[in-house]
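*Asks:* Spelled out, the chains give:
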Amino acid sequence: MHFQSVFKIKSDTRYLTPLREWISSVQKLVDENDFPKKALLPCSMALVEAVDNAIFHAHDGVEDLPIEISLVLSDGSIVMEVTDKGVGIGEPVIPGPDEMADHGRGLFIIHQVMSKVESKIVDGTHHMRMEYKL
Amino acid sequence: MHFQSVFKIKSDTRYLTPLREWISSVQKLVDENDFPKKALLPCSMALVEAVDNAIFHAHDGVEDLPIEISLVLSDGSIVMEVTDKGVGIGEPVIPGPDEMADHGRGLFIIHQVMSKVESKIVDGTHHMRMEYKL
Amino acid sequence: MNIEVKQLGNVQVIECGGSLDADTVSGFKKIAYDLVSGGSTQFIIDCTDLNFIDSMGLGVLISLLRRVRQRDGDVKVVSLSDDVKTIFEITRLHRLFDVCSDSETAVKRFDEIK
Amino acid sequence: MNIEVKQLGNVQVIECGGSLDADTVSGFKKIAYDLVSGGSTQFIIDCTDLNFIDSMGLGVLISLLRRVRQRDGDVKVVSLSDDVKTIFEITRLHRLFDVCSDSETAVKRFDEIK
Ligand SMILES: Nc1ncnc2c1ncn2[C@@H]1O[C@H](COP(=O)(O)OP(=O)(O)O)[C@@H](O)[C@H]1O
Ligand SMILES: Nc1ncnc2c1ncn2[C@@H]1O[C@H](COP(=O)(O)OP(=O)(O)O)[C@@H](O)[C@H]1O
Chain U
437 MHFQSVFKIK
447 SDTRYLTPLR
457 EWISSVQKLV
467 DENDFPKKAL
477 LPCSMALVEA
487 VDNAIFHAHD
497 GVEDLPIEIS
507 LVLSDGSIVM
517 EVTDKGVGIG
527 EPVIPGPDEM
537 ADHGRGLFII
547 HQVMSKVESK
557 IVDGTHHMRM
567 EYKL
Chain A
437 MHFQSVFKIK
447 SDTRYLTPLR
457 EWISSVQKLV
467 DENDFPKKAL
477 LPCSMALVEA
487 VDNAIFHAHD
497 GVEDLPIEIS
507 LVLSDGSIVM
517 EVTDKGVGIG
527 EPVIPGPDEM
537 ADHGRGLFII
547 HQVMSKVESK
557 IVDGTHHMRM
567 EYKL
Chain X
217 MNIEVKQLGN
227 VQVIECGGSL
237 DADTVSGFKK
247 IAYDLVSGGS
257 TQFIIDCTDL
267 NFIDSMGLGV
277 LISLLRRVRQ
287 RDGDVKVVSL
297 SDDVKTIFEI
307 TRLHRLFDVC
317 SDSETAVKRF
327 DEIK
Chain S
217 MNIEVKQLGN
227 VQVIECGGSL
237 DADTVSGFKK
247 IAYDLVSGGS
257 TQFIIDCTDL
267 NFIDSMGLGV
277 LISLLRRVRQ
287 RDGDVKVVSL
297 SDDVKTIFEI
307 TRLHRLFDVC
317 SDSETAVKRF
327 DEIK
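In order, the protein sequences belong to chains U, A, X and S. 437 is the number of the first residue of the first sequence in my numbering; add one for each residue after it. 437 is the number of the first residue of the second sequence in my numbering; add one for each residue after it. 217 is the number of the first residue of the third sequence in my numbering; add one for each residue after it. 217 is the number of the first residue of the fourth sequence in my numbering; add one for each residue after it.
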């Protein structure tokens, strides 16, 4: 384990930019082998999409519901987990959004940029686990 | 526990600014009650001084020796721990540096800005534990 | 996010700075849709200072595109930073939008069609 | 860290930007000590764009102060940001250094002594 962090934010989009600043600062602190520069944009994109979904779909805009963010860097992988109080994602993931649709691009982005994506319910909370393999 | 992070950096002063950026991004992410804005400068100062000491005193400039940084926010306190491979701080802390001395101000700063400071050896590694009580 | 609007002839140039995401998209939407309501159909999104865009930011650009293409207008996206360019490529939107190097080129392409 | 040196009469104004810390202190030291070797004894440290200073940064300012005070010179610190001001106060160095609101004031104070 080369880096580990876990914390909660409120369901508020004003945390999106601080989240990107946070993950960017982590990338600068740890060894390039544990978090290569080229992994920063994919991880930032996936994190933002997962948090967007927690805010709007799982928590439906209820600001006080907490979203838990976890980031673990260990040998060979970057694992982010976004945990919300929602019911999870029922439908299977659509392969790609309709080109002209103005929504439905969040999960597509997450699947495009991450190596492995899992949505699971553990103890009644929804965990979006996103792994970037180095 | 409202925030928890642990990671290692190399013994290199180029991490000082990213460390301050990191702790500042954490302050923006978590609840103001867990990490008030006014605690940011004291914590940044203490963290930088402790890392300076690990680099120059404990590791004597040997860049490859890792420094472990830990930050935990829990009810009522901000606890930072800086762990190095050195022998620890033998002498008791001097109350204040000689006004005109150009060194000896690091521990003084840490003690000034933090509520509780402990330097201890655990399993052969030196832990500088710094607590800011809210 | 910072948004500034400039006119180049009939073309509305919307300069975006910062991040166009779930947090800032409503501000962008209001400005853009007001221009559409006012009759504008030709848009340039100047991304010189835009450092990030999420799916909701992309969504609002697409819905703007749909509205103005119905009226023979277009949305051209210019001066993309490396990151924003990568995001367009990953989402394949570089094929949907006319992506130009800069505003000047985009204006010329609007003129060609007339 | 960015360092720029300007002259106001006999006074050397060292403008510091970013962070004066263990990582950047050697660059500052070289510039300042070269000026001392060249005969300068009156210094203004302009902190307008300085956002942080650690004990090693403070140490180099103090050793500069010691050197020039020996020759009846001085180091005056000006335009401190809130954070840097707080650091000076915590370390009690606001009593050791002549802290002025800006370069103009500091130059006047150098002139008074002549
Ligand atoms: N965390 C979540 N909790 C509940 N439902 C979710 C969550 N994330 C995604 N979904 C569901 O998956 C759908 C597709 O999500 P996404 O691809 O991000 O597109 P969009 O957010 O634009 O609808 C959402 O409309 C929602 O029904
Ligand atoms: N992590 C450490 N490991 C070993 N010795 C230390 C450590 N931190 C501080 N010291 C000792 O305490 C002394 C005082 O430290 P400090 O107050 O930071 O001033 P300075 O670093 O300028 O000497 C150092 O000179 C060193 O001997």
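No lab work stands behind these hints, which were simulated from the structure alone. Positions of the beta carbon are idealized from the N, C-alpha and C atoms, including for glycine. Certain hints may be false.
[What the hints assert, rightly or not] Cross-link-like lysine to any residue pairs, in silico, SDA-like; alpha carbons within 20 Å at most:
#: 1; chain 1: U; residue 1: K444; chain 2: A; residue 2: S460
#: 2; chain 1: U; residue 1: K446; chain 2: A; residue 2: T453
#: 3; chain 1: U; residue 1: K464; chain 2: X; residue 2: I306
#: 4; chain 1: U; residue 1: K521; chain 2: A; residue 2: L501
#: 5; chain 1: X; residue 1: K246; chain 2: U; residue 2: R450
#: 6; chain 1: U; residue 1: K474; chain 2: A; residue 2: M437
#: 7; chain 1: U; residue 1: K464; chain 2: A; residue 2: V442
#: 8; chain 1: X; residue 1: K245; chain 2: U; residue 2: K446
#: 9; chain 1: U; residue 1: K521; chain 2: A; residue 2: M437
#: 10; chain 1: A; residue 1: K464; chain 2: X; residue 2: M217
#: 11; chain 1: A; residue 1: K464; chain 2: U; residue 2: H438
#: 12; chain 1: A; residue 1: K444; chain 2: U; residue 2: H539
#: 13; chain 1: A; residue 1: K521; chain 2: U; residue 2: H438
#: 14; chain 1: U; residue 1: K464; chain 2: A; residue 2: H438
#: 15; chain 1: S; residue 1: K301; chain 2: A; residue 2: T453
#: 16; chain 1: U; residue 1: K569; chain 2: X; residue 2: K245
#: 17; chain 1: U; residue 1: K446; chain 2: A; residue 2: K464
#: 18; chain 1: A; residue 1: K464; chain 2: U; residue 2: G512
[Stated by the list, open to error] Where chain X lies over chain U, by a calculated footprint (3+ residues, C-beta under 8 Å):
#: 19; region: 480-490
#: 20; region: 510-524
#: 21; region: 552-564
*Asks:* Hint by hint, say whether it matches the structure.
*Replies:* Taking the hints in turn, this is what the structure says about them:
| no. | hint | in the structure |
| --- | --- | --- |
| 1 | U:K444 / A:S460 | holds, 16 Å |
| 2 | U:K446 / A:T453 | violated, 27 Å |
| 3 | U:K464 / X:I306 | violated, 24 Å |
| 4 | U:K521 / A:L501 | violated, 42 Å |
| 5 | X:K246 / U:R450 | holds, 19 Å |
| 6 | U:K474 / A:M437 | violated, 32 Å |
| 7 | U:K464 / A:V442 | holds, 15 Å |
| 8 | X:K245 / U:K446 | violated, 24 Å |
| 9 | U:K521 / A:M437 | holds, 18 Å |
| 10 | A:K464 / X:M217 | holds, 17 Å |
| 11 | A:K464 / U:H438 | violated, 23 Å |
| 12 | A:K444 / U:H539 | violated, 40 Å |
| 13 | A:K521 / U:H438 | holds, 17 Å |
| 14 | U:K464 / A:H438 | violated, 23 Å |
| 15 | S:K301 / A:T453 | holds, 19 Å |
| 16 | U:K569 / X:K245 | violated, 36 Å |
| 17 | U:K446 / A:K464 | holds, 12 Å |
| 18 | A:K464 / U:G512 | violated, 29 Å |
| 19 | 480-490 | holds (count 5) |
| 20 | 510-524 | violated (count 0) |
| 21 | 552-564 | violated (count 0) |
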